[in-house]
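Number of protein chains: 6
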Amino acid sequence: MSDIDWTPISGAVLPRYAGVPSFMRLPQIAPDDPRAPEVEIGLIGMPWDGATSNRPGARHGPRGLRDASTMIREMNRSTGQLPFSAARCADMGDVAMSPVDQDEALEAAEATVASMLSNDIRPVMVGGDHLCTLTVLRALRKHRGEAFGLILLDSHTDLYPPYFGGKTLTHGNPFRQAIEEGCIDPHRTFMAGMRGTSYNTSDFDYGREKGVHILPIETCMERGWSSVMDEARAVAGGGPVYVSFDIDFIDPAYAPGTGTPEVGGPTSFEAIQCVRALRGLDIIGTDLVEVSPPFDPSGNTSWLGVSVLFELICAMQP
Amino acid sequence: MSDIDWTPISGAVLPRYAGVPSFMRLPQIAPDDPRAPEVEIGLIGMPWDGATSNRPGARHGPRGLRDASTMIREMNRSTGQLPFSAARCADMGDVAMSPVDQDEALEAAEATVASMLSNDIRPVMVGGDHLCTLTVLRALRKHRGEAFGLILLDSHTDLYPPYFGGKTLTHGNPFRQAIEEGCIDPHRTFMAGMRGTSYNTSDFDYGREKGVHILPIETCMERGWSSVMDEARAVAGGGPVYVSFDIDFIDPAYAPGTGTPEVGGPTSFEAIQCVRALRGLDIIGTDLVEVSPPFDPSGNTSWLGVSVLFELICAMQP
Amino acid sequence: MSDIDWTPISGAVLPRYAGVPSFMRLPQIAPDDPRAPEVEIGLIGMPWDGATSNRPGARHGPRGLRDASTMIREMNRSTGQLPFSAARCADMGDVAMSPVDQDEALEAAEATVASMLSNDIRPVMVGGDHLCTLTVLRALRKHRGEAFGLILLDSHTDLYPPYFGGKTLTHGNPFRQAIEEGCIDPHRTFMAGMRGTSYNTSDFDYGREKGVHILPIETCMERGWSSVMDEARAVAGGGPVYVSFDIDFIDPAYAPGTGTPEVGGPTSFEAIQCVRALRGLDIIGTDLVEVSPPFDPSGNTSWLGVSVLFELICAMQP
Amino acid sequence: MSDIDWTPISGAVLPRYAGVPSFMRLPQIAPDDPRAPEVEIGLIGMPWDGATSNRPGARHGPRGLRDASTMIREMNRSTGQLPFSAARCADMGDVAMSPVDQDEALEAAEATVASMLSNDIRPVMVGGDHLCTLTVLRALRKHRGEAFGLILLDSHTDLYPPYFGGKTLTHGNPFRQAIEEGCIDPHRTFMAGMRGTSYNTSDFDYGREKGVHILPIETCMERGWSSVMDEARAVAGGGPVYVSFDIDFIDPAYAPGTGTPEVGGPTSFEAIQCVRALRGLDIIGTDLVEVSPPFDPSGNTSWLGVSVLFELICAMQP
Amino acid sequence: MSDIDWTPISGAVLPRYAGVPSFMRLPQIAPDDPRAPEVEIGLIGMPWDGATSNRPGARHGPRGLRDASTMIREMNRSTGQLPFSAARCADMGDVAMSPVDQDEALEAAEATVASMLSNDIRPVMVGGDHLCTLTVLRALRKHRGEAFGLILLDSHTDLYPPYFGGKTLTHGNPFRQAIEEGCIDPHRTFMAGMRGTSYNTSDFDYGREKGVHILPIETCMERGWSSVMDEARAVAGGGPVYVSFDIDFIDPAYAPGTGTPEVGGPTSFEAIQCVRALRGLDIIGTDLVEVSPPFDPSGNTSWLGVSVLFELICAMQP
Amino acid sequence: MSDIDWTPISGAVLPRYAGVPSFMRLPQIAPDDPRAPEVEIGLIGMPWDGATSNRPGARHGPRGLRDASTMIREMNRSTGQLPFSAARCADMGDVAMSPVDQDEALEAAEATVASMLSNDIRPVMVGGDHLCTLTVLRALRKHRGEAFGLILLDSHTDLYPPYFGGKTLTHGNPFRQAIEEGCIDPHRTFMAGMRGTSYNTSDFDYGREKGVHILPIETCMERGWSSVMDEARAVAGGGPVYVSFDIDFIDPAYAPGTGTPEVGGPTSFEAIQCVRALRGLDIIGTDLVEVSPPFDPSGNTSWLGVSVLFELICAMQP
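Residue numbers (my numbering), protein chains in the order written: chain X, 1 to 318; chain Y, 1 to 318; chain A, 1 to 318; chain P, 1 to 318; chain W, 1 to 318; chain C, 1 to 318.
Same shape as in the complex, but just chain X (with noise of 0.2 Å):
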């Protein structure tokens, strides 16, 4: 064992926003770092938007969210959890993905997510846009060997067909794909939070077809939120499961620094309550994407991202 102190420093000791930011004051621990197998959870960056529709920014989501973490402190005080206590974190860095070249980017993605898996890692993605999503998926399902469940937060579904002339790999389609490949069991693949305009009902009429229960806003707020996330574990809980977290699941006037922003949307209380309803599962692997730093003037997009992270972070642990 080495010597790392794995506890991050306290804001009481060495001011909140002081000292080079890594996620949450974790230590600095690369992938092909000796001491990566010491790591449990990890923390992977990917500054990458190469997949975006609409408005660009979030490969600098890693650098605002790591901007925004060193204002979280130890405790969860609602669970009483003391997660970088309970278990081993670390800021691994972010991958060098090409901004030009989408084919090499994904594979060095992926490449590093199944590097983490191979130390026995369980992976926590910083986004970018939602195509890096399918980056851990494929490496979590070649790890595993088998597909998993997937609990979606977001205003879409990502199920979308091929995109601007018959592209298959947009921000659009990750989980799409992600069925194709085998990665995810769509009838354990739960969705909540969809909302806003559509092209058509391609995406729903795909997943619904394929066994995916997909929760739109309406009858979320008409259920309550517990009640979503009750149907959320009872869906997806029963064996590993990925959670991914799209901040535009929230309301863009929490989120307004994001590529593709949905109005009404859940509160930040609301979203918080739905991660805590995650404890409990077998959590293989989780993240939060599309935090675009460049539409955030206010900074509260970062800021609440981190706090969604640091839930996460907690409801993978008992």
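Calculated from the structure, these hints are not laboratory results. Check before you lean on any hint, since a few could be wrong.
Copies of one chain are not kept apart here, so a pair can be met inside one copy or by any two copies together.
[Stated by the list, open to error] Once the Cα atoms are required to be at most 16 Å apart in a straight line, the calculated EDC-like pairs of lysine to aspartate or glutamate come out as: (1) Lys167 with Asp101; (2) Lys167 with Asp103; (3) Lys210 with Glu181; (4) Lys142 with Asp185; (5) Lys210 with Glu180; (6) Lys210 with Asp185; (7) Lys142 with Glu180; (8) Lys142 with Glu110.
Only a predicted model underlies this, so the values are computations on that prediction, with no experimental measurement involved.
Once you've looked at the hints, dock chains Y, A, P, W and C against the given chain X.
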């Protein structure tokens, strides 16, 4: 019939941020265009804030809303409507309203709407400050020959008595003026969302004396918006009705870019539900006013504004 | 009696954006002005952020709030109150607090409040960071000769133990210090809205051991704010009580401009209702703190802040 | 003599961001205050943009400039002047100019200046848009009984012919109108800094025909600003002269917050030197107009504006 | 001949902020419009940033520039030109460039320019990132059958060797690629304004070896821009020449909204003079690239960008 | 020797916006790291603004500058230097300076620098406000045993007498204090760029009496910056010298993000040339202070700041 393509080009073909931004990528057909009679629903901009008592900038509303509107897709996911297929909609441009002469500005606006009405085009007015609405009401009154109902979603009644030393034409007076001029039937006039500090009770007093139904925000919150809209339909729905939506109806957390915000308003989800509840009424015209882009650093207000506009257009359809 | 005009000039006479911005356009009467004894409720600015552990800027709070406050009109529509007619209110200026010497700053602030109290002026303090509140509590304690109740609406308890190597005077400590110094009666101290990550449980432990009633946000959301405020009145209301309102009580979507935001808070509507529920208590002083204009690009926070201030002043009146 | 303290409180006593922001912390003395006759130089705000042809917001100019002005210290380091000791200066408040009635607004403004002149107070007008200047020129003309010289630093001549269908009172016309009305002597009128696209040559043609000296920016840059100002003194300096400074004279990199910016202008250093070169002239009044805070996210424009104002006040003194 | 009105509507008739914003209010004529052959100078948007190595957002450039461009008036005051009367100019829309497939995007762009050239329309390309320029150069090369000269005003040479593991198509490579492909004649290629840190000297080495004239900023500042442009004309002017203007040529104080700013550049005045010095050359096409509105909070960059565009169009005319 | 890789990873491998942002992507080696003795030039952050008299936020300077610094490439194009190859440079982190206790903060900072000096590391301090410089000067004085020269590029002398009732430790006093304490030799102290309003002449009087060479901005502009820097070298260069660069030296159009801007300063080009002129001096330490990210909406100030930092590091090398 001309060979106009009434369907906006899809964001999956031309990315949503590309192209000259007409409202929702609709065809551009001026009121005096020979093809105007083919239009059924016409979006007309009134880039004017000459009646604004507080922060200006609503003159930039149509520009800001056109820019944001290219993010709108074809289908209303919640209702299943395809509003641009169901009716021939067009961007009819902006009225040339003088920024320095109120009389000329109002006359030009009313004349433009009158010209649209003469072609049986239902107006969707995009403001501009709230006095712009009066020009639509006047044109409708003259065209129809009788008063009609009004549903107002707003944080203010805009029923104030003369202002700034006797001015009856400010953005705080349009509906008082519309009642005085016989444009709207006060007994079929419904207003909800009123809040904030006030000069006195003269606006409420006037309205209630005339028979207007006014629901302050506390009443709305207590009853729930579904019940509020039932009442709106009951009061105003028994005949032709005009719907006016002031963006300051919604809480400034959601819509900061407006001239006279008032804290303590509904969420974007609630606002959207209110608009959807209007479907089925005989809506003879509608508007979205008071979006002021200079006070909207995140762009959220324009985005929410066009989302409301889209729902208004859907509500006008069966 | 002097010939002071205590009624703010109406926005219908002098537009709301015009004129030298005193708080709510009230007369400017310094604490050492010979007319000071005529004042009943005095707004006093404490432009100081020298105890801020995170993002600074609360020193600009009084300026930002004065600017926004000219948008306040005379009447509280919801309660019917005319607060500036019911009591003689004044803008008593800002304390000259040294930005580089904490001791001097706190002494100057306490002395100013003491001077106000000697004239029987109820203080409405406009921060400034939350340590400013301690100066008001100290002055009140000395003036009254005994401890009093406290109602705190905040996302933090500000009951933390010494900080940064033993500092008892930071904006995380004022109420612990106030309890230690006997200013407030812990058994009549009520706190609601607490949330976010924490260093540990020492603040809750300390408070509860002393008898303070602390309601975390989850409890508040579950019970409803009306019930929460009933409890506040029951706990703190049996005698003179001070009300402290930290703008970070409200969710950062509504109030981004603050130094230490915490996601997952109440809406502006809920916050306003909480303040209104205080009416009828024997409020001996109040404050609104932690507004930081440099982090408030839309101006929403200042506007919400003065709306809260207005309601606080109303709540101080029968 | 009253006991007014004419010296602004020092930033070394009350921090510069503190206190109710009168212009440069000068005493607040309204034009109808009994002490008004003691004032020698009066700063008067005209928060009005009702003649603005492009982006509005100059109505917020006096507020923005008051806020920035508390950063001004007592001494002009370069010239050694102590302008607030050398003359009794005061903040005389803002004129109550109707935002919805141009005639009333202009009359109120002229009347206020007339009242100042009747007390031998030299006006320093703080706009507001450039049409506000006409009200000062009219009042001066009536008070003095004869035309006077003018020095204009601006990117536009504001000599345009009627606009928007015959309007002679827009912010593009004041000096044409002032010539037509005999307020200023065209042969003693000097204008420098003109640039940008134009509708046509009618403004230059008109001016030159009347005898106005107009220097386009290319001429200024070629000759150097020192030579330009020598010419200004030669043309306009042989008698009483009014100085009008439009903030858009300066390049928008320095002053983005204005309604009609034109690229390719002088630097702030050059602009300050221009104002200093005016010292010694018989300046009967001056103004700084067209600062529009809503378009000034960094606050630079207001800060540069008050720096120019300070230099203008210094230039009015021996 | 069609009945197109080629003269943009005046801002004195329709206020400058009003109307659907085509580039400079020119008629909208798509490359495949039957009226396209009437166009002489065509503005074509390339809303694409898929080759951007640093901050994205140039995809929003055409939108931002269209919005700002309605502030352009008819006449170039300095040169007396009326560019939209002298040539038939049109807004030819934006190319539908895939945000997720570089090859398709570049092909679509080149095909569009080729179509314009087949109608003898001189292209004015509005980027987008600098790789967009390569598509214009390729189309011109194919259309003309031989290489031509190039004048580049930029802070970078864009002559870098392959990047990110061998990519030849990034926004750092277009002119190297254009030389390799024989589009431009390196001996008639002139570049000025280069500055900032660099990876190494390979771009300068390559260029100089090929015969390109490269003037770093220090040389420009020392010689003066007039002399620099004399050299540009001497090097590149003896035949057909393409002019490429990267907004990052200008100092970021003037043009912050760009992906890869470099401090220490020319002023807007100097930049405008540089463009004017091109008049009289045989300009076969031109562009303005790398404006990134998300990084332009004041809007200055778009405004400066369209001012440069206007001067480029003027420079293309006799 | 350890196996540290001293060369920052290239932006052509890991995109410039990616990765944990240490200063200029240098290795992170804390002052107490066993590898610290290998460092030759150490960048040390002082995230502290506890001596700021006006707008705060310099505590966020090191964070903002680290973020911007990843845009720096390896080579100084103008000088051909490869500063990170020529010397072993490191990011030594931030000092844990108490935001609430000035004495402790200053002691911690001085101790950190002392520790660096004991390892023969030349300090490059990144502020923080200008009082932070005093801690470096004190440590250098103690380490060297004698006074040294100083070159200050700033808009203020920071030679003010005690402030706010006798405080000698504000950001307006460090060089007076440094002279009083014998840290710097006043006869080898050179200051250029002074401008703006002043409280009085006491700072100039004090400095000149002590023998300090002070050049106000007007003198600099008249002589030219090259001549100014020749004088700087003549005055201060005959021995070891410290270089302090306050970002407010540069005009606020270029650097708005600072606490006490003064209009009328040099351009970024001029500022960079000034720093380059320092090369060859015996620079024993340097700093860049007063960058305040909360007042820097475009990010220009941080970007210009790191460009200056890079040039300072180059100037420290042969």
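Homo-oligomer pair classification [Glu110, Lys142; C-alpha up to 16 Å]: Result: close within a single copy only, 10 Å intra versus 41 Å inter.
For Lys210 vs Glu180, is the C-alpha pair at or below 16 Å within one copy, between two copies, both, or neither? Classified as within: same-chain Cα gap 10 Å, cross-chain 50 Å, threshold 16 Å.
Lys210 and Glu181: within-copy, between-copy, both or neither at 16 Å Cα: Within. Shortest intra-copy distance 13 Å satisfies the 16 Å Cα cut-off; inter-copy 49 Å does not.
Alpha-carbon proximity between Lys142 and Asp185, which holds within one copy, between copies, both or neither at 16 Å: So Lys142 and Asp185 pass the 16 Å test inside one copy only (14 Å; across, 51 Å).
Between Lys167 and Asp101, at a C-alpha cutoff of 16 Å, which is it: within one copy, between copies, both, or neither? For Lys167 and Asp101, the Cα distance is within 16 Å both inside one copy (14 Å) and across copies (8 Å).
Could you figure out if Lys210 and Asp185 sit no more than 16 Å apart (CA to CA) within one copy, between two copies, both or neither? within (9 Å within a copy, 53 Å between copies)
Up to 16 Å between alpha-carbons, please classify Lys167 paired with Asp103: within, between, both or neither. both (13 Å within a copy, 12 Å between copies)
Checking an output row: Lys142 and Glu180, CA cutoff 16 Å. Within, between, both or neither? Close inside one copy (14 Å), not across copies (42 Å); limit 16 Å.
Of the numbered hints given earlier, the model fails none.
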